[in-house]
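K.L.:
Listed below are the residues making up each chain.
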Amino acid sequence: MSFVEYGDTIKDGDTAIVFLGHESMFPVKVQHGTVTQTKYGVIRHSTDLIGKKYGSKVTCSKGGWVFILHPTPELWTMNLPHRTQILYSTDISIITMMLEVKPGSIVCESGTGSGSLSHALIRTVAPTGHLYTVEFHQQRAEKAREEFREHGVEHLVTVINQDVCKNGFGVSNIADAVFLDIPSPWEAIGHAKSALKAEGGRICSFSPCIEQVQRTCLAMEEYGFTEINTLEILLRVYNVRTISLQIPDLGKAAEDNSSAGFDSSNPSHQGSPCANLQQGTVQFKSGVPPREVVGHTGYLTFATKS
Amino acid sequence: AMEGGPSARIREGDCAVLKRDEVFKAVSVLRRRKIIFEKQWFYLDNAIGHIYGTTFEVTSGGNLQPKQEVEETTTETKEAGTDNRNIVDDGKSQKLTHDDIKALKDKGIKGQEIVQQLIENSTTFRDKTEFAQDKYIKKKKKKYEAVITIVKPSTRILSTMYYAREPGKINHLRYDTLAQMLTLGNIHAGNKMIVMETCSGLVLGAVMERMGGYGSIIQMYPGGGPVRAATSCFGFPKPFFDNLHEFPLSKVQSLLSGTFTTETLPADPEENALVEEESNGLTEEKQTSLQETEEEPTTEAALEINPTEEQDTMDINAEDVEFKENKEKENKENVREKQIKQWERRKKLLEAAALLREKNADGLIVASKFHPTPLLLSLLEFVAPSRPFVVYCQYKEPLLECYTKLRERGGVINLKLSETWLRNYQVLPDRSHPKLTMSGGGGYLLSGITVILDKGKSDSSNSEALKMEEPSAKRCKLQDLPC
Numbered sequence: 001m002s003f004v005e006y007g008d009t010i011k012d013g014d015t016a017i018v019f020l021g022h023e024s025m026f027p028v029k030v031q032h033g034t035v036t037q038t039k040y041g042v043i044r045h046s047t048d049l050i051g052k053k054y055g056s057k058v059t060c061s062k063g064g065w066v067f068i069l070h071p072t073p074e075l076w077t078m079n080l081p082h083r084t085q086i087l088y089s090t091d092i093s094i095i096t097m098m099l100e101v102k103p104g105s106i107v108c109e110s111g112t113g114s115g116s117l118s119h120a121l122i123r124t125v126a127p128t129g130h131l132y133t134v135e136f137h138q139q140r141a142e143k144a145r146e147e148f149r150e151h152g153v154e155h156l157v158t159v160i161n162q163d164v165c166k167n168g169f170g171v172s173n174i175a176d177a178v179f180l181d182i183p184s185p186w187e188a189i190g191h192a193k194s195a196l197k198a199e200g201g202r203i204c205s206f207s208p209c210i211e212q213v214q215r216t217c218l219a220m221e222e223y224g225f226t227e228i229n230t231l232e233i234l235l236r237v238y239n240v241r242t243i244s245l246q247i248p249d250l251g252k253a254a255e256d257n258s259s260a261g262f263d264s265s266n267p268s269h270q271g272s273p274c275a276n277l278q279q280g281t282v283q284f285k286s287g288v289p290p291r292e293v294v295g296h297t298g299y300l301t302f303a304t305k306s
Numbered sequence: 001a002m003e004g005g006p007s008a009r010i011r012e013g014d015c016a017v018l019k020r021d022e023v024f025k026a027v028s029v030l031r032r033r034k035i036i037f038e039k040q041w042f043y044l045d046n047a048i049g050h051i052y053g054t055t056f057e058v059t060s061g062g063n064l065q066p067k068q069e070v071e072e073t074t075t076e077t078k079e080a081g082t083d084n085r086n087i088v089d090d091g092k093s094q095k096l097t098h099d100d101i102k103a104l105k106d107k108g109i110k111g112q113e114i115v116q117q118l119i120e121n122s123t124t125f126r127d128k129t130e131f132a133q134d135k136y137i138k139k140k141k142k143k144y145e146a147v148i149t150i151v152k153p154s155t156r157i158l159s160t161m162y163y164a165r166e167p168g169k170i171n172h173l174r175y176d177t178l179a180q181m182l183t184l185g186n187i188h189a190g191n192k193m194i195v196m197e198t199c200s201g202l203v204l205g206a207v208m209e210r211m212g213g214y215g216s217i218i219q220m221y222p223g224g225g226p227v228r229a230a231t232s233c234f235g236f237p238k239p240f241f242d243n244l245h246e247f248p249l250s251k252v253q254s255l256l257s258g259t260f261t262t263e264t265l266p267a268d269p270e271e272n273a274l275v276e277e278e279s280n281g282l283t284e285e286k287q288t289s290l291q292e293t294e295e296e297p298t299t300e301a302a303l304e305i306n307p308t309e310e311q312d313t314m315d316i317n318a319e320d321v322e323f324k325e326n327k328e329k330e331n332k333e334n335v336r337e338k339q340i341k342q343w344e345r346r347k348k349l350l351e352a353a354a355l356l357r358e359k360n361a362d363g364l365i366v367a368s369k370f371h372p373t374p375l376l377l378s379l380l381e382f383v384a385p386s387r388p389f390v391v392y393c394q395y396k397e398p399l400l401e402c403y404t405k406l407r408e409r410g411g412v413i414n415l416k417l418s419e420t421w422l423r424n425y426q427v428l429p430d431r432s433h434p435k436l437t438m439s440g441g442g443g444y445l446l447s448g449i450t451v452i453l454d455k456g457k458s459d460s461s462n463s464e465a466l467k468m469e470e471p472s473a474k475r476c477k478l479q480d481l482p483c
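Sequence order for the protein chains is W and U.
Residue 185 in the UniProt record's numbering sits at position 185 of the first sequence; the count goes up by one each step and never skips.
Residue 298 in the UniProt record's numbering sits at position 298 of the second sequence; the count goes up by one each step and never skips.
What the hints contain is simulated information worked out from the structure, not anything from laboratory work.
This structure is a prediction, so every number in the text was calculated from the model and none was measured.
Wrong hints could be hidden among the right ones.
As the list claims (entries may be wrong) - Subject to a maximum C-alpha distance of 20 Å in a straight line, what follows is the list of computed EDC-like cross-link-like pairs (lysine to aspartate or glutamate):
(1) 53(W) to 381(U)
(2) 416(U) to 292(W)
(3) 142(U) to 221(W)
(4) 359(U) to 5(W)
(5) 57(W) to 408(U)
(6) 142(U) to 130(U)
(7) 52(W) to 358(U)
(8) 139(U) to 227(W)
(9) 57(W) to 381(U)
(10) 67(U) to 222(W)
(11) 57(W) to 454(U)
(12) 285(W) to 401(U)
(13) 435(U) to 232(W)
(14) 67(U) to 199(W)
(15) 285(W) to 408(U)
(16) 53(W) to 454(U)
(17) 138(U) to 222(W)
(18) 416(U) to 401(U)
(19) 142(U) to 227(W)
(20) 67(U) to 221(W)
(21) 359(U) to 8(W)
(22) 435(U) to 227(W)
(23) 52(W) to 454(U)
(24) 139(U) to 221(W)
(25) 285(W) to 397(U)
Chain U extracted, bound-state conformation (with noise of 0.2 Å):
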């Protein structure tokens, strides 16, 4: 199957994602390798095999071990205060000292049996209500009782990861508003989307599940080429990225203005090898600027060979002939093998902009740390009509000047400008509330849909804004507002 048959256990190379209560930490699996996650150190040897989802205890080798499923003490009826007007929190309650609990841990003790310890030695745990008792029973479980779940990654789990963990690196995009995304945008199998992002590649990868591997998608990327990171944390099969291409902002402009040169085609490595053999001197080709670190040339240029004697990659040493002979034979696949990279490379960014210059596309996503209003204008003229976009922006006002050229430009509708407001519950038991607020935190979004655009006629995209905002009788009443 194209999603790649979902493989249940943990192998080898794989991307897995350590869980303790409410904190992530991708790591690679790999044999002999120290892993340090929540104070706790470890081999992941012993994970290599179990089903994703496994709850393991770390033991005093620094080895995993499958947690047995232990049978909660029965609550025989506990002895339990009414309220606590009589306990005083002088911090002696517990009569293990420190020394005590880390005897305990060094004899190995599980922490199941430490925290029972913990219990019997507290003078006022009698004297708590059944809540607080329960409570106290879940934070010290939640100290001493040390259990990591190695889960499988995903969209949900790594966009949890990364918003807790690092929200830098995605632009504070809380995983709620991807989830937004995904779903305003119409991502699913089959579809040719455009993705811009600058989040380390997890809108990639959340947009790359979502897709199945069916379809095809064009990154767009700054600078030298595509941070895709998180990507590689999702663990997708090898075929999902035949059809993942990439192409540079900076050729927007031309690509669009229609300069961007096709004519130039690469040229043969065939024929670049003929040229070497009929040259007398040492050949090296000359760097063009496609490398991966540097940044794209201003220019289109072909790729040229050009006969350079460079002293310093060889050492000619006329009495060792054979010896020269061998290192011009290497210097000279060497080259070819820059060559071939190149052309590959030459070849890759001609099929992108093919795929782009058929302005076909089935949806554009826009998740970056750049404003978002030049990256809209340009890049929604790469998207078919009858189709969803979605950008984010941290910040509400650049999606507000988005919004206003997006409606001076025309060829769009129902646009929403929008954010979206989390809350977590604590359900128990005469004890449900809500736990931590997040509102305010997630970023926003602006989504439209794509419409035959009527280049030309400046009053057809006048009445069509004008069609397209709400009544003007409510612009009126708040200027009635008294200063």
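Same shape as in the complex, but just chain W (with noise of 0.2 Å):
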């Protein structure tokens, strides 16, 4: 397994996830000899997963069961242990495909935070292709080796320990795409120029506010960026549920001059056609909407370089 080239079974020293149920999952370092407790119990490793298919059903001590799943960059996105603030695959997706990253694309990053990110960007550009990323702070950085290493990535990416602001991307005129996600990227607009390629590329720079987005916009405008663009993208989510709502009960017509006001108290007349009615409950299928969704990740500004 990897994080770029799917693999059938599970092998000594992959990272897994484990999928209990309903959002419910984590991931695993596969080892010889290793436990791991779940809330259904112990899975052993030597016999519960090396050498079980991915996908598989695995049983754990206490009689419950959760799933084996391989690893992919947008699981691993919502599983890895948060160094910082990171960002979710809603604008994973629109970061990837408005900057056209493919397979053989170069690519400048910073800052590497917690990787999220860099994991989808590295299995986009795979097999030829090749990720740059900066961070400036040195644990950060080295963690984001040691994860790159493990998810056998590496030969794919290098993590440069620098402040973009002030160094750049260590790389120039080779770049296809730069993205930037830093407090103040309009000081590495220059930089990202320099880094992308003589004949043109795509920018991008993620931020949360709207100043620090008007602020970037003018730094692209002078350094003769051209159709720049900012949007946001949301996701909205639908939980699928079987809804039964009662049918109110309205009362009967008068049969004679008597008033015939709703009185609830009134059993139902016998044989009476309404009666079935006023009992009755009509059940659908509705896409509910969640009580609480997220109203606001950032703003994306892409530009071009021609």
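Take the two lone chains, each set in its own frame, and fit them into one complex as the hints suggest.
P.N.:
In structure tokens, the structure reads:
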């Protein structure tokens, strides 16, 4: 297994995803002799994991069961240990497409952060492209290197520990795309331009605040970028539910002149045609939005160097 | 390199995309071919050899000329007003008439100069606020400075173009939704993908771009053949198509039930030739129904050679023996060619069937006009366990049903029904705000991951289904709502 190539069977040293049920999963480093605790019991790597097919159901010691999944950058994003706030797949998807990243692309990124976007970019540029990722925090840079090694992708990425605003990306005139997720992206626009190929390329900057976006757009204009475009993308999830709604009791039409107001205590007459309707419910399937959803992640500004 | 090494220069024969502001149009780069775009007509000849991304102006002769970098007139303290309380819109503030402007255009005056003339001849310009002046200049520039950029096709460009120009052809699949599909589906080099789309080949092209020519794709298609109009716009190098297969939907049931015939292999072309020579009269192969434009046959028929005496294709002139002999040769060649083509088609069909039968695809992408449920339920059979799948539907309701049926089937986890909401922004100093809302128009996605299917154990899939749902406490709360 690797994050850039599917494998069929779980092997020693793999990173696998343990899926417990609705929205509940965690990553695990597969190792001979190790055990993993879950709420359903213990998973013994040597007997329960190694040699099994990805997608298998594994019964844990207490009798409950889980599924073991092949890792993907998307599953990794949902389960990775956070060292910083991360980008989620919704933003990652549009970034990838708008930067035109594909196999063979050379991409520069800063900051590396927790490596969420990094893993996704590495997956997309494989097997012939490369990601140069700049992180000014030494421990985070080191942790990222370690993870890329464990995930079998170290040949596709170079982690550079420096300040992108002061020293740039460490490469020049080779990138097809540059991505910035830093507090002051306008300070790195010049470096981004020199990292990009002479014939042109794409740039993207991600910022939570509109003031940052304004300064970045100005800087992009000053450096001659074109097609400057800012957008935001939000995910709307729907939970599929069977809903039952009661039919209200609207009473009966009067048979004689006596008033026939709504009287819920009045038992319905035998054989009255309305009786059944009044007790009934209507069922239907609905896509119900959750009570709270993500309302904002950040603004994405794209531009072209031509 | 497999991905074809991006050619940065415009070449004859390319499919290029013309861009003016937010308007796109895909065209073939051919010499002496008149192109009409945004109320202008021109030839692309002069663009050939330039780098993609270059911006051109249209000269009076209909030729393209790279736009020179012009120094924007430095903003000296411009005279401007503070608000519009005294500006009356009587339609008379512009002193230049239609004819005046036309005369300027005919003289060959550049757009920039025309805009300058309009500003000078506007009585209200200096009363406008600076912002209003900016807006006015932008608007006039847009109208009179006709610049066209020639951009290289990509998923980004083509999906934006199709959504703006011909959304009906792509089932109103908005480009951000397409972007989600590519990522959720973990589309990458080396995959074995199954793609089922009726989006003119746009989705197929997007998948091919993300695979970079590595791996393989089996495109499922309805009717007689796959539509790949948009795919050809991408300009992929030929090797990309070596591992692109296609398989008709109408054969899926037979493949799944095991009744897809593999015994009836195509007759060897050599054998056919022998049969021809032996027979006396003219032979013309009976047209089997494996033709491009016809519907698929209901039965799997082996290639048959029926010696029939067809008079209408051949002129038998008993006197002109040599002529007859030549004609016979020609006819035999045509027949042989047809046979070879049909044999090759059959061979490809069997290859695709074999690939599917392995049931180890790395993913499934569906984006079509058809109801998604039957497609998913059948095509998922060909996908390996622990692989993602994504279904697009223009409407939400069919995906609700699909979700339910998938839960009943089992063998899928992490089912998610979603849509993305996209908003563009205008970012200008002191004038930043959202532009237009595009929410609600992009379509819906149902995604999930396959797992090993426990067939024949209905209670296990039931308990699985329960485990995958949210805790039931939430369901009770809804029923407590007052009527």
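K.L.:
Run every hint past the structure and note whether it holds.
P.N.:
A quick look at each hint next to the structure:
1. 53(W) to 381(U): holds (17 Å)
2. 416(U) to 292(W): holds (16 Å)
3. 142(U) to 221(W): holds (18 Å)
4. 359(U) to 5(W): holds (18 Å)
5. 57(W) to 408(U): holds (18 Å)
6. 142(U) to 130(U): holds (18 Å)
7. 52(W) to 358(U): holds (19 Å)
8. 139(U) to 227(W): Holds - the C-alpha atoms of residue 227(W) and residue 139(U) are around 17 Å apart, at most 20 Å.
9. 57(W) to 381(U): holds (18 Å)
10. 67(U) to 222(W): Holds. Residue 67(U) to residue 222(W) sits at ~19 Å (cutoff 20 Å).
11. 57(W) to 454(U): Holds: residue 57(W) and residue 454(U) sit about 9 Å apart, inside 20 Å.
12. 285(W) to 401(U): The given pair, whose Cα atoms are some 8 Å apart, holds under the 20 Å limit.
13. 435(U) to 232(W): Holds, at roughly 11 Å.
14. 67(U) to 199(W): OK: residue 67(U) and residue 199(W) at ~16 Å, within 20 Å.
15. 285(W) to 408(U): Holds, because 15 Å separates the two Cα atoms, which is no more than 20 Å.
16. 53(W) to 454(U): Holds. Residue 53(W) to residue 454(U) sits at ~14 Å (cutoff 20 Å).
17. 138(U) to 222(W): The hint holds at about 18 Å.
18. 416(U) to 401(U): Roughly 13 Å separates the two Cα atoms, so the pair holds.
19. 142(U) to 227(W): holds (14 Å)
20. 67(U) to 221(W): holds (18 Å)
21. 359(U) to 8(W): holds (13 Å)
22. 435(U) to 227(W): holds (15 Å)
23. 52(W) to 454(U): holds (15 Å)
24. 139(U) to 221(W): Status holds; Cα separation ~19 Å.
25. 285(W) to 397(U): The given pair, whose Cα atoms are some 9 Å apart, holds under the 20 Å limit.
In this structure, none of the earlier numbered hints is contradicted; all agree with it.
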